[in-house]
Structure formats: C-alpha cells, structure tokens
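Undergrad: Listed below are the residues making up each chain.
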Amino acid sequence: MDELRNKAKEMFDKGEIDIFIGYEEGTRNPRPLFANNADETQKLVFNDKCTGNLAVYLTRKDLVKGKKVGISASYYALKSIAQLFVENQLKEENLKVFGLSSDGQIRTLNSLEEIKQYLKDTPPPPKVEDDELIKQIDAMSSAERWAFWSDELSKCFKCYACRAACPMCYCTKCIVEVNRPQWIQPWASTLGNMEWQINRVMHMAGRCSDCGSCGTACPIGIPIHLLTHKMSETVKANFGDPNDKGNVLSTFKPEDKESFIL
Amino acid sequence: MSKIGVFVCHCGENISATVDCEKVAEEASKITGVEVSVDYKYMCSDPGQTMIKEAIKEKGLTGVVVAACSPRMHEPTFRKACSEAGLNPYMCEMTNLREHCSWVHEKGDQTTEKAIDLVRMLVEKTKLNKPLSSIKVPIHKKALVIGGGIAGIQSSLDIANAGHQVILVEKDPSIGGHMSQLSETFPTLDCSQCILTPRMVEVAQHPNITLYTYAELEKLEGFIGNFKATIRLKAKSVDPKLCTGCGVCYSKCPTKKIPSEFNEGLGLRTAIYTPFPQAVPNKPVIDKTNCTYYTKGKCKVCQKVCPTGAIDFDRPDEFITEDIGAVVTATGFNVLKPDFFPEYGYGKYKDVITGLQFERLASASGPTLGAIRRPSDGTEPKKIVFIACAGSRDPAKGLPYCSKICCMYTAKHAMLYQHKVHDGESYVFYMDIRAAGKNYEEFVRRAIEDDGVNYVRGRVARVYEKDGKLIVKGVDTLLGGKPVEIEADMVVLASAGVASHGAEELAQKMHISYDPYKFFAEAHPKLKPVETNTAGIFLCGACQAPKDIPETVGMASGAAAKVIGLFSNSELTREPVVAVVNRIASHEVSTCVGCFLCETACPYQAIVHEEIKNRAGEVIKTVAQVNPGLCQGCGTCVSFCRSKSIDIQGFSNEQMYAEVMAVLEA
Numbered sequence: 001m002d003e004l005r006n007k008a009k010e011m012f013d014k015g016e017i018d019i020f021i022g023y024e025e026g027t028r029n030p031r032p033l034f035a036n037n038a039d040e041t042q043k044l045v046f047n048d049k050c051t052g053n054l055a056v057y058l059t060r061k062d063l064v065k066g067k068k069v070g071i072s073a074s075y076y077a078l079k080s081i082a083q084l085f086v087e088n089q090l091k092e093e094n095l096k097v098f099g100l101s102s103d104g105q106i107r108t109l110n111s112l113e114e115i116k117q118y119l120k121d122t123p124p125p126p127k128v129e130d131d132e133l134i135k136q137i138d139a140m141s142s143a144e145r146w147a148f149w150s151d152e153l154s155k156c157f158k159c160y161a162c163r164a165a166c167p168m169c170y171c172t173k174c175i176v177e178v179n180r181p182q183w184i185q186p187w188a189s190t191l192g193n194m195e196w197q198i199n200r201v202m203h204m205a206g207r208c209s210d211c212g213s214c215g216t217a218c219p220i221g222i223p224i225h226l227l228t229h230k231m232s233e234t235v236k237a238n239f240g241d242p243n244d245k246g247n248v249l250s251t252f253k254p255e256d257k258e259s260f261i262l
Numbered sequence: 001m002s003k004i005g006v007f008v009c010h011c012g013e014n015i016s017a018t019v020d021c022e023k024v025a026e027e028a029s030k031i032t033g034v035e036v037s038v039d040y041k042y043m044c045s046d047p048g049q050t051m052i053k054e055a056i057k058e059k060g061l062t063g064v065v066v067a068a069c070s071p072r073m074h075e076p077t078f079r080k081a082c083s084e085a086g087l088n089p090y091m092c093e094m095t096n097l098r099e100h101c102s103w104v105h106e107k108g109d110q111t112t113e114k115a116i117d118l119v120r121m122l123v124e125k126t127k128l129n130k131p132l133s134s135i136k137v138p139i140h141k142k143a144l145v146i147g148g149g150i151a152g153i154q155s156s157l158d159i160a161n162a163g164h165q166v167i168l169v170e171k172d173p174s175i176g177g178h179m180s181q182l183s184e185t186f187p188t189l190d191c192s193q194c195i196l197t198p199r200m201v202e203v204a205q206h207p208n209i210t211l212y213t214y215a216e217l218e219k220l221e222g223f224i225g226n227f228k229a230t231i232r233l234k235a236k237s238v239d240p241k242l243c244t245g246c247g248v249c250y251s252k253c254p255t256k257k258i259p260s261e262f263n264e265g266l267g268l269r270t271a272i273y274t275p276f277p278q279a280v281p282n283k284p285v286i287d288k289t290n291c292t293y294y295t296k297g298k299c300k301v302c303q304k305v306c307p308t309g310a311i312d313f314d315r316p317d318e319f320i321t322e323d324i325g326a327v328v329t330a331t332g333f334n335v336l337k338p339d340f341f342p343e344y345g346y347g348k349y350k351d352v353i354t355g356l357q358f359e360r361l362a363s364a365s366g367p368t369l370g371a372i373r374r375p376s377d378g379t380e381p382k383k384i385v386f387i388a389c390a391g392s393r394d395p396a397k398g399l400p401y402c403s404k405i406c407c408m409y410t411a412k413h414a415m416l417y418q419h420k421v422h423d424g425e426s427y428v429f430y431m432d433i434r435a436a437g438k439n440y441e442e443f444v445r446r447a448i449e450d451d452g453v454n455y456v457r458g459r460v461a462r463v464y465e466k467d468g469k470l471i472v473k474g475v476d477t478l479l480g481g482k483p484v485e486i487e488a489d490m491v492v493l494a495s496a497g498v499a500s501h502g503a504e505e506l507a508q509k510m511h512i513s514y515d516p517y518k519f520f521a522e523a524h525p526k527l528k529p530v531e532t533n534t535a536g537i538f539l540c541g542a543c544q545a546p547k548d549i550p551e552t553v554g555m556a557s558g559a560a561a562k563v564i565g566l567f568s569n570s571e572l573t574r575e576p577v578v579a580v581v582n583r584i585a586s587h588e589v590s591t592c593v594g595c596f597l598c599e600t601a602c603p604y605q606a607i608v609h610e611e612i613k614n615r616a617g618e619v620i621k622t623v624a625q626v627n628p629g630l631c632q633g634c635g636t637c638v639s640f641c642r643s644k645s646i647d648i649q650g651f652s653n654e655q656m657y658a659e660v661m662a663v664l665e666a
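Protein chains in written order, with UniProt numbering: chain A, 1 to 262; chain B, 1 to 666.
Pulled out of the complex, with its shape left as it was, chain A reads as follows:
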C-alpha cells in the first residue's frame, strides 16, 4: 500500500502528473479516488477488492483534459486502456499506469507495449458464476431465451448507468441521442430496451474488455454483462484475441469474404 502511495506522491512532487485516479476505502468496497495533489495520494489503496474499471474516467474530458494522469488499473481496466490506445483516445506521454500482479506486487507500466505484455502474461480472473449462468442460458430454446431476456429487460427504465460505467462508451453523441433517424425508441419499453441493449452490445463487439462494469452498474440487477461476456468470447473464438490482433472486426483485408465491399 505504502509503495503505491509513495510512488504517486513522488510523481506529484516531480510534476509528472496532475491527477491520480485510484481507489480509496469505501463503506463496503473500495471506491474511486481522484487525487489532485500529493497529500491526497495518502488515501490510496490498491488490492484485489479494487475491481471497478477506472479506465472509464480516462475519457472524461472534464476530469482529465490537458492533464497528465496517473492511474492504478485492475486487469480489465488495463484491457480497456489498451483498447483506448488502439482507438486513439489516449496519449502514451500523458499517462502513468500501475497494475497489480497476482502476487500483490505493484508494477509500473510505461507503455502500451508493456500493458499488452502484462495482459499476455497474466491470466484473466476467472468468471465462474457468469460462465455458469451463460451455460444455463445457452441450454434454453430460442423461445425461452427470448422470454428470459424480454422479462429481464422489461424492468429496464433506461437510466443508462451501463453506458456511464463503460470505458468504451466515450462517444460525445451516443446512438440513443441520434434522432435523424431515431434508431432506438427513447422511452422505456421492452422493445426499445432491447434495441438499446442489442445496439450497445454490437457496438462493443471486438472492443469490450469484458470487465462486467455494465452489469455491476445496473441499479436493478439486470445481468446485461452476460451479453457482453458471451459476445467477447464469441469474437475471440471466431476472429482472434483483440489484445493480440487489434481491431479484429473492423480491419479490412483483401482476403475478407465480404466481396461486396470491393
């Protein structure tokens, strides 16, 4: 713990960062901390309970614009950071990243290459519960599955907490706000809610870090993170690991089978 605090403090002292995004103790679980000076860094904690994806704050212009940022990042946050680099949303020179090894060691990751290497060397935290739920849903007939999701999504009242929690949802104008044409019904209704979730998940295809923050953020506990989890697995199995190969779904290759493009 002291190690991270000291490192963060040192960076402030040297003027290497203007803000440090990390965790502090919360009521039950650690919560985000935005340290704006060396003193505030002394509240930092970093342990295996720090699972919230802090990368979501890296694209919040009001928070980080024009600033040099330090961040402590969980495994999935690192995946998000790597993808944000690919999508031209971050600049290497403005970011200092700390990762937590499985042995509890804090590691400084100085470049996208180092982050990618770290992700390659580190196995993803297991998702036993989610995998079990997906197995159950997969076992359903398509009518049952439709009924399951209709039922779940009928509860949604479109608060968009899932969108706010997602590091990949950084568009300044989201598709739900586009009204020419109105792709998605703006009010809450089962069909409109489905339209929104299907769109959200499709927009995540090949980009999602599979952190599950969307599901955690949902105030009424709709397991929408299962949609992104399943989709991430599907993309990985069919097109390769985006961590290795970059934009697996959105890179044109002459040998692509979609011959209508050319």
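Don't read these hints as lab results, they were simulated from the structure. Hints may be right or wrong, so weigh each one.
[Unchecked claim] Reference listing, derived: stretches of chain A covered by chain B, where coverage requires no fewer than 3 residues with Cβ under 8 angstroms from a Cβ of chain B:
1. 106-114
2. 170-177
3. 238-252
[As the list claims (entries may be wrong)] Between beta-carbon pairs, the in silico distance windows are:
4. E665(B) with S154(A): 22 to 32 angstroms
5. L132(B) with A164(A): 32 to 42 angstroms
6. G60(B) with T190(A): 40 to 50 angstroms
7. L133(A) with E504(B): 49 to 59 angstroms
8. S639(B) with S154(A): 23 to 33 angstroms
9. T190(A) with E575(B): 35 to 45 angstroms
[Said to hold, decoys possible] EDC-like, lysine to aspartate or glutamate: derived pairs with alpha carbons at most 16 angstroms apart:
10. K300(B) with D323(B)
11. K116(A) with D244(A)
12. K300(B) with D312(B)
13. K621(B) with E87(A)
14. K65(A) with E618(B)
15. K621(B) with D62(A)
16. K96(A) with D18(A)
17. K43(A) with E87(A)
18. K219(B) with D323(B)
Cβ coordinates follow ideal geometry from the N, Cα and C atoms, glycine included.
We have chain A already, so just place chain B on it with the hints.
TA: Relative to chain A, chain B alone:
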C-alpha cells in the same frame, strides 16, 4: 414540402405483363407528398422523358421517382432529363420494377402489391434526397507505361504524340521486347527488327517520353488521375551520361560464357553487355550475378578500359516517384520452359528447341546469322518436325487455353525453313489450324501448297534420340489413327505463351485482377477490353492473353486512346456517392470522436485525420475526414460508426431508414 412525381414504366410488356402498372400509379398518387403519378409504355423514350420534364416544370416537382428497369442502364438517362428540366439530377431516383419484380414473379395481386411497396419505399427516400453536385478531381496529365515491348512502345508513342508526357518503364536493359527477337513476321514475312527498331528510336528521341530501362515499378499508390508511382532504377553500374556506347568494355570483359537471354540461350554474352546491337538505349549494363567483380571482388577490367570513366561499381539502386494520371500495363508474356515437356525431351536433347529459339536461328541478327543450324553440332537439319500446341490446349497439364499465335508462327517457321534449306523436309504436327486473321489462311495454304510443308494432323506422343537422330513418334488422325514415326534432325516446339514472370506480384502492387493463369483481367470481356477493374489502369498486349503483333498494336492504341480521352479534361468528374463525416452546427462541432475504426475498415485508404482547431490555432480534437477522390462509396465505414457520424451522400442513414420504415408501415 416535397412534391414528388412518380413515373411508372411498362417497359413494353416487360413490366406490364405481370404488374398492373395503372394500379401502381394510382396507389402511388395517394402517398403523401406525391404531386403527380402516371404510367407510360416506354418511359425512356423521347415522349416519356418529355412527360417527366414537363411535369417538373408545370408542377414544380422537388423529386422524381422513375419506376422502371435497373438504374445501371437508364439512371443517367432520367437524371439527365431531370437536369434539363432544371431539377438537380440527384433528386431523381429509379426503382427497379423489372428485375426486382415483374421478371421474377408471376402475374397477380401480390406482384402488383410488391411493385407498389417498391415505389413507396423510394418515394420516402426521395423526399429526403438533397441536391448533390458531381465531384471534380484534378488529373495529372502524365502516363506511366509499364513494359517496353511493341505494346508499350505503341501506347507510349500514341499518348506522347497526343501531346502528353509519358514515362516508359522497361525491366530489361533495352526496349523492344519479344518482337525484337523475331526473325520475319507473318503473314507478310517482313523483317521484325526492320519495322520495330525505327519505333524504338522514336521512343528514345521523343520529347514527351521519359524512358527508364532496367527499371521496375516498386509501388503504386493513389487513384485515377492522381497516382503516385515509385520506380526502382536498378543500378546499371554504367553512368549513361558518360557512356558513349563504344563497346570496348564488353569486347574486353573476361566473363564471356553467359547464355544470352536475347538469343534464348543459343548464343553467349559477356557480364557487361548490351542485349543486342540495335538496343535502345545502346549502352551496356553490368549483370551483377555473373560479373567477377561483384561475385569475387576482383577484375574491374571494364573500368580500366573505359575511355570515359563511365563504370561505377558502387552506385546503388535509385528510387524515383512520379505523379501520374493513368497507367498502361504492357508487360507481355513468356514462353513455357523445358521441364514442362519431358516427353519431348526438351532440355535433354539439344536439338529440341522452342519456337522462340527457332526465331533466333532464323534471324539475320541471331547466333547463326540466319542460317538454320543444329545447336548440337552446327550442321544443317535436313528433316525438321514442328509440334504445335506444345502445352497449349492441354487441360491435363493445366493449360486449357489456346496460345493463339502458334499456328501462324509454326507455318512461318516451316516456310522459312523451306526457303533456307531447299532440299529439306519439314513436318508440322497440329491439332487444328487456327488461321483466323486477314491473309492468315492464305499464308498457311502457301506453306502447304507452295513450299511443300507436310502437315500431319495428330499429336506427338514422344521424342527420343537414336543414333544421332530424333525419333518423333506420333499419330496421323486423318489416316485413321495410323502411327507415324519420323527420324528428324531437329524438333521445334510451339510452346505455349504464359504470363510473364512477376505478373502476379505486379498485379497485386497495382490492385488489378488476374485470371488463374496470371494473365491480367480486363474489366469486361467484350465492351471494356483495355480497361481493368481499377479505374485509370489500362491493359494492352499479351499481358492480357497471348496475341499476335497486329492485335497487340491495335490494343495498345486502344489503351492509349483511353488515356488520351482521360487526359482531354483537366478534371475528372465523379458521382458524388461518397462518404462524408457529418458536421452539425458550426465548424467546431463534429460528432466524430476520432476512434478511427473507419480508417482500418476502409478498403480504399480514403479516411484521413482532420484536426479541428480553435481560434487560437490549438487542436481541439482530431476527427475523421473522407477523401472524396479515393472513396468508392462502399459504406463499410458507415456500418462501423457507432455515433452515426458518417453517411453516404445519396444513401444516408436517414434515407435508408425511411425506405425500410415505408415498407414496414405500409
């Protein structure tokens, strides 16, 4: 408020036989915003077009929907008519009631219902159409011609004579290509070099032609009118500015026993060499793979004897880039090589040669100065066998196509042989005689009737050597399959014409397509024979398929005419159906977040980065921008854009959505 005119065409009976066109027009008139709706027998006819024009003027139409055939043919017709009546041509749309409805369905109410739906969809789309203007792209009026054979020479001269700059790139040390190797040419028997070399000199001296020999295309970027070509100038090791072409270097070069490419291996050359005496440019190059200095580090004899100090061993390959507007590909062909014919003993027996080698024997500039001599012992062959279709038309060997030129040149070879060896006996084994061409059939008859060449219809099974003779075992199918055995002194194989070496690689560099045999593909087998699928790149000569000189020259002039046509305008006009990155409100605001997934998804490299700056000149954000010159309107970027910040002009998201909703809500 939109005022749409709907014009339903019967297409004679093509549409009206299964679709109730009157009902379609009547139903369309009930759609909100439709001001006028009529049907007519032939909408594309003059009265039909006049009907549209008058409606535009009288009713003040803001959009026109023509429900007729495929837009491929008549969209330009109707857009032009609208334009003449004062409506922006892109406010006119066509829906395809013929291919999409009447031709594929039986007569009935449902068919008519579908036609009404198709019209309804397009009316809703057209309401959202915006006036567009065609895109103008500037053109670099300079052509790149790749390949300096007769095709490239002809094309270069035609383009240059029309007043445009030409860069001619040839990979060998001299231009001339295969034609320079030929002895006499059918069907007139005029000497190949006598008619070719003046053209070669003309190329070298033409003020509009820049000739790069010993050079290859390294890279081609850009698009029609605006290509950027990178050309590798291979190091010749001889400074062309200092060299006078005196020839002392190659007369003194100690490495003398290299098989001459020009003489198809029947003669020898030195390591520093000009390929043949009439070479253009007539200045030598050093063949680095055979030169003793390059291979062993010692020699430099040529440098010592050169009176002008032109030899420069250390000069590296150079690269130049040129802005060009069009490319003519004229890379020619090769002939099939030895290992293809184990049954004919090519490569095993010295006196089994290819047609191209026979050309060198018969040529006055060849290794025997035009005398027909056996490569093995230099004696005159008294009995000679020509085997046509050696490789061609042989699906079992993977070359099912006809090489087209062999029937004629084999007749010529046999004729030349009879002219040079008066007591000689010649046989031609053939499958069919394909002599379609002006004076071609007469030429073959002359060989058979006047010069006494023996034509045997049948294939040769085997050639083997026995007591210094080549035993040719074949069959005469006209005599009921009677076996034929000829004791020949020499055998000439009319070996198939195949794609030139490196054709596939070059095609990939230029993004043009090619067939399974690596011959370059034309855009349309009948109507676009000199175009490729890539706009601005043209084809001529044997790189497209084997062909003879007259056909090659005709095609070369055809390709040149296309280039000259392109260069006749200062700008290129393109359809405005391209992607645009939307901007809302002012210049500062773009909904694009700059993730640039569109950039990796674009097959045409049309996405560029645009920096949006504030008044102080600071970059606020970097967003995507589309280069309309490169964009082909495929729409791949649109499907990847999460914030819907990209649209295709004329096919916007809003328009597509309206179309779909029109059919769903009907």
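Undergrad: None of the hints should be skipped; say for each whether it holds.
TA: Going through the hints against the structure:
no.: 1; hint: 106-114; in the structure: violated (count 0)
no.: 2; hint: 170-177; in the structure: holds (count 6)
no.: 3; hint: 238-252; in the structure: holds (count 5)
no.: 4; hint: E665(B) with S154(A): 22 to 32 angstroms; in the structure: 24 angstroms, holds
no.: 5; hint: L132(B) with A164(A): 32 to 42 angstroms; in the structure: 39 angstroms, holds
no.: 6; hint: G60(B) with T190(A): 40 to 50 angstroms; in the structure: 45 angstroms, holds
no.: 7; hint: L133(A) with E504(B): 49 to 59 angstroms; in the structure: 51 angstroms, holds
no.: 8; hint: S639(B) with S154(A): 23 to 33 angstroms; in the structure: 29 angstroms, holds
no.: 9; hint: T190(A) with E575(B): 35 to 45 angstroms; in the structure: 43 angstroms, holds
no.: 10; hint: K300(B) with D323(B); in the structure: 38 angstroms, violated
no.: 11; hint: K116(A) with D244(A); in the structure: 8 angstroms, holds
no.: 12; hint: K300(B) with D312(B); in the structure: 10 angstroms, holds
no.: 13; hint: K621(B) with E87(A); in the structure: 14 angstroms, holds
no.: 14; hint: K65(A) with E618(B); in the structure: 14 angstroms, holds
no.: 15; hint: K621(B) with D62(A); in the structure: 14 angstroms, holds
no.: 16; hint: K96(A) with D18(A); in the structure: 11 angstroms, holds
no.: 17; hint: K43(A) with E87(A); in the structure: 32 angstroms, violated
no.: 18; hint: K219(B) with D323(B); in the structure: 12 angstroms, holds
Comparing the model with each numbered hint stated earlier shows that hints 1, 10 and 17 do not hold.
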